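Assemble the complex: chain A is given as a structure, and chains B and C must be docked to it using the hints.
These protein sequence lines are chains A, B and C, in that order. Each residue of the first sequence is one higher than the one before, counting from 1 in the numbering used here. Each residue of the second sequence is one higher than the one before, counting from 1 in the numbering used here. Each residue of the third sequence is one higher than the one before, counting from 1 in the numbering used here.
Mixed in with the good hints there might be a few duds.
Derived lysine-lysine pairs resembling BS3-like cross-links, with alpha carbons at most 30 Å apart [as the list claims (entries may be wrong)]:
(1) B:58 - B:104
(2) B:166 - B:104
(3) A:147 - B:101
(4) B:104 - A:149
(5) A:228 - B:101
(6) A:228 - A:149
(7) A:48 - B:166
(8) B:166 - A:228
(9) B:214 - A:55
(10) A:147 - B:104
(11) B:166 - B:214
(12) A:149 - B:101
(13) B:104 - A:228
(14) A:228 - A:147
(15) A:48 - A:228
(16) C:220 - C:230
(17) B:214 - B:104
Residues of chain C placed beyond 12 Å of chain A at every Cβ, according to the derived structure [claimed, not checked]:
(18) 46
(19) 48
(20) 54
(21) 60
(22) 76
(23) 81
(24) 93
(25) 144
(26) 215
Keep in mind that the hints were calculated from the coordinates and are not lab data. Here the structure is a predicted model, which means the values were calculated and not measured. Glycine included, every Cβ here is placed at the ideal spot set by N, Cα and C.
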Amino acid sequence: MSSDVAGSPLAPVVPDQPRSGDRTPPTPSSSEAPPRRRGAAAAWAGLKRFIRTEKLGAVSLALITVFVVMAVFAPLLAPYDPLQQFRRNLTEAPSGTFWLGTDDLGRDVLSRLIYGARSSMIVSVVTTVVSLVLGTLIGVTSGFLGKRKDMVIQRLMDAIQSVPPLVLLLFLAVVLTPSMSSTIIALTIVITPSFNRVARAETMRIREETYIEAARATGSSSLRTMVKHVLPNMAAPMMTMASLLFAGVIIAESALSFLGIGTPPPTPSWGGMLSSGARYVELAPWMIIAPGLILSVAVFAFNLLGDALRDFFDPRLQR
Amino acid sequence: MQADPAVRDPDRVADAGTPLLEARDLVKHYQIRKGVLGRPVGTVHAVDGISFAIPRGKTVGLVGESGSGKSTAARLVSRLIEPTSGEVRFDGQDVLAMRGKEVKALRRRMQMVFQDPFGSLNPRLTVGDIVGEPLEVHRVASGRARTDRVVEVLETVGLSGRDLHKFPHQFSGGQAQRIGIARALATNPDLIICDEAVSALDVSVQAQVLNLLKRLQRELGLSYLFIAHDLNVVRYMADELCVMYMGEIVERGDGDAVFADPQHPYTQMLLAAIPGHDPVTARAQERGVATGEVPSASAPPSGCRFHTRCPAVFDRCPTEHPPLYDAGQPGRVAACHLLDEPRQVQRA
Amino acid sequence: MIRYVLGRLVYGLVVLALVTVFVFVAITFIPSDAVDVMLADTGATEEQAAAMRSELGLDRPVWEQLGSFLGNAVQGDFGRSFYTDEPVVDLFLDRIPITLQLGGLALVIGTVLGLVLGIIAAVRRGTATDGAVRVTAVTFLSVPNFVLGLLILTALGLWFAWSPPFVYRGPTEDFVSWAQHMAIPAIALGTASMAGITRMTRSSLLENLGSQYIRTVRAKGAGERLVLFKHAMRNSVIAVLTLIGVDLATVLGGTVILEQMFSLPGTGQLVYQAVLDRDYPVVIACTIFYAGLFIVTMIIIDLLYAFIDPRIRAAREAGR
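Next up, chain A with everything else stripped away, as it sits in the complex (with noise of 0.2 Å):
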């Protein structure tokens, strides 16, 4: 990925020269560091940093938007009801009036697409976001009371790891009765150690920093600790984390309604439009071709997302 990263959040610090005593705010000796601001003004600039710095990353969050007006918007944006069938109209090759061609039912496959992110980005952001908060919260947790508690939550993380995503996914479904909620608790489950994995390990890091003992020298409390001085410094790598877990949710529920385990039919998805076009490959292509690709590139946004913020983060990376 480009390197061409300046003035990060993380840009390494130069003492200047021995000047302490002057009072006068030091003028940064690149124009790369803008006084940075609090809450929404500071996050706005970090935007901005980012589109500037990370051109793949700002091509990415292009992308993410377009899934998720799709998402929002589908019922604006699909030309027709997604569940309507046109029966004469089945299996129907892609046309004026129908964009992508119809279904073996003779639904459009556009309509069906639009909506289908729908579920697709509900599934994953819900996922993503309570297993970064879970696997933030036990793997700091666990890095933080160390020894014996932490060796026993890293080993019950070890044994929900050791069985292969799918898998585990597949056990899932037959505890859990069909339902997008229960996809999402199946997914859940499967992504919270990956979360957990790198959580603890920050946290192992961040705990060694100065900071955290001068925390503790100023009387602060374990849990202020942790929120004040061990969450902060961890959101870099776990926004990173987040958007490559993200890419990996998308393909686990469109794999899991492919396997007609996952979001229930009618309700169009990306994995169940998959699913009927691979009994009609050689007759209805479109039908494989146009939900593969646009599964493939919402997959492909969140990864050069992931990378692009990696990067963006990489203290090595900075100029």
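Positioned in the frame of chain A, the structure of chains B and C alone reads:
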């Protein structure tokens, strides 16, 4: 907030006679564990029975090579690390018997400044939040009052209210250390532990920060536990000096007196390393300079721990552990058998 | 070294035991049990259903079920299928060769292609070739394996009117048919690993080629090829090996969906069918078997590390 420590808190027993902090026979041993079952296979003697006292408004210096246990000692008296045994009294209270809230209350009066100026500041917080944290933690002030107090201490250390919303990376090393000092000052403590507080700074900046610390001591009546490996720095700061070697205090006494006439060969060796420090250089040349590496802390040498490197080693050293012998002047002690021997042995 | 291996094995058993506990705790959340599903269309009475439950041991508390499962498992009995009454171990062992063939082929394809592409990209860094390889890698990292399988099938069907065999024949029985059958799913499964390994090889090689150590080797007058293959590569192999370990879980999971798509009668198909049939003993045992398979492979990879990197070996023999 007032400057006079005596007026600050009427509840405190302002007994000028007792020292502010007293450490007696402090010990910290670490078990080295091995294997799945964690069998202890050895013990690291990080701090091995040290005693010292910090009088009110004074500075006690703790010197020694890295690994001598001086930083561990600092963390033991502030309960950042739990001692294996010993006793610590702060303003007459038993520090090691304190629990939760009492420890927190102790921290309010006993703050710390660290070696790495940037490392000790959370890079994601503003100066205002960093310096204001102790105020929040101890519920001293919040909101407007907190900001006012933060600006006040920032100005005390030579920064200004304009720095409130900046982040640590926007400062130079010396300025960052001033932020660390401001944080330590925020709750109006009685004792500040400076753990190599200037070692990471350039020499010219060191002088400025040291002068700041001296000024603060004069104005606020602070006491310091001042830890450093640089003897020139300690000499400038300390009223009383403790020299540590391998977890033990080997020499203690009035700062200037120790510098003028070091009694322990280890102190002599340290002083000889300072360019142009004549009284010792002469003696070191006469006797030869200590050589060799510091032995492992998990297997300290028998008898006097310094005997493996000591140029004046004789038969008692490897077998007999030296106590702190009286070294002539009042308040001066050194753990060297030479002080117990007739003069001719020393000259031999 | 032997103690280290033993330590790893004990750790593996602990994790496997935890998987078993997790599985048994999870099945208590099942809303309707297998008996309801089995007897749904038979019009059986409630008494018959209850009799069946007690026969299958489903009326006992979970920890009792777990206990008897573990007790039997130690003796090699992991339960029997509700439907065929065959021991699950036999069902699994009958089918595992196909899954291992598929997964193994996929990993070999992914690793070989990934290493080759990664080395090419690293050697020609900054050129168009490098760019092309990297774009290819990111692209393939993003196409889910079952989508890729479907797209390949579609392309072959449309352009060559060709489709893979429907009935599986082993490599010794009919090699050509076997190869035709395995090729597409193995490629579809392997490309994602290929993409990951390409990226890892490239970045790790570049890092190593710029290192002090390699500069020293170069200064000693070693040829560029020797530098690359003997010195830089050795360091990169560790990183790649780690990645293969990570990919393993994905590939094992991926076999489930691709076996289904290409009608390969492997363990993936076994689990999937059991899930659809709610054949609990099969699902439970297979989940644990998969975990075992994964754990064993991870231990092997761990030992390979020690084999490749003397520093790791030394550290471990010193007792961690």
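Going through the hints against the structure:
Between residue 58 of chain B and residue 104 of chain B, the direct Cα distance comes to roughly 24 Å. Compliance with the 30 Å bound is thereby established for this hinted pair. For a cut-off of 30 Å, the pair hint linking residue 166 of chain B to residue 104 of chain B stands: about 28 Å separates their Cα positions. Distance restraint check for residue 147 of chain A and residue 101 of chain B: the Cα-Cα separation of roughly 25 Å lies within the 30 Å cut-off, and the hinted pair is therefore satisfied. Straight-line distance between C-alpha atoms of residue 104 of chain B and residue 149 of chain A comes to about 25 Å, which keeps the hinted pair within the 30 Å bound.
Using a Cα cut-off of 30 Å, the hinted pair residue 228 of chain A and residue 101 of chain B holds, with the two alpha carbons roughly 20 Å apart. Among the hinted pairs, residue 228 of chain A with residue 149 of chain A is consistent with the structure: their alpha-carbon atoms are about 23 Å apart, no more than 30 Å. Distance check on the hinted pair: residue 48 of chain A and residue 166 of chain B sit about 20 Å apart at the alpha-carbon level, within 30 Å; holds. Restraint check for residue 166 of chain B and residue 228 of chain A: the C-alpha separation of about 17 Å stays at or below 30 Å, so the hint holds.
For the hint pairing residue 214 of chain B with residue 55 of chain A, the CA-to-CA distance comes to about 53 Å; that exceeds 30 Å, so the pair is violated. Using a Cα cut-off of 30 Å, the hinted pair residue 147 of chain A and residue 104 of chain B holds, with the two alpha carbons roughly 24 Å apart. Using a Cα cut-off of 30 Å, the hinted pair residue 166 of chain B and residue 214 of chain B holds, with the two alpha carbons roughly 27 Å apart. Among the hinted pairs, residue 149 of chain A with residue 101 of chain B is consistent with the structure: their alpha-carbon atoms are about 25 Å apart, no more than 30 Å.
Of the pairs offered as hints, the one joining residue 104 of chain B and residue 228 of chain A holds, with about 18 Å between alpha carbons and a cut-off of 30 Å not exceeded. For the proposed pair residue 228 of chain A and residue 147 of chain A, the alpha carbon gap of about 23 Å is at most 30 Å, so the pair holds. For the hint pairing residue 48 of chain A with residue 228 of chain A, the CA-to-CA distance comes to about 25 Å; that is within 30 Å, so the pair holds. For the given pair, residue 220 of chain C sits about 14 Å from residue 230 of chain C by alpha-carbon distance, which is consistent with the 30 Å threshold.
In summary, the hint linking residue 214 of chain B to residue 104 of chain B is supported, as the alpha carbons are separated by about 27 Å, within the 30 Å threshold. The claim that residue 46 of chain C lies off the interface holds: its Cβ sits roughly 22 Å from the closest Cβ of chain A, which is beyond the 12 Å cut-off. The claim that residue 48 of chain C lies off the interface holds: its Cβ sits roughly 23 Å from the closest Cβ of chain A, which is beyond the 12 Å cut-off. With 12 Å as the threshold on Cβ separation, the claim that residue 54 of chain C sits away from chain A holds: the shortest Cβ distance comes to roughly 21 Å.
Chain A leaves residue 60 of chain C outside its interface by the beta-carbon criterion, the shortest separation being 18 Å against a cut-off of 12 Å. Look at residue 76 of chain C: its CB is around 21 Å from the nearest CB on chain A, clear of 12 Å, so calling it non-interface holds up. Non-interface call for residue 81 of chain C relative to chain A: holds, since the shortest CB-CB distance, roughly 14 Å, exceeds 12 Å. With a closest Cβ-Cβ approach of about 17 Å to chain A, residue 93 of chain C is found to remain outside the 12 Å limit, as its non-interface label requires.
Listed as a non-interface residue, residue 144 of chain C fails to keep its Cβ farther than 12 Å from every Cβ of chain A; the least gap is roughly 4 Å. Once the 12 Å rule is applied to beta carbons, residue 215 of chain C is consistent with being away from chain A; the minimum gap is 18 Å.
Going through the hint list in order, the structure does not satisfy hints 9 and 25.
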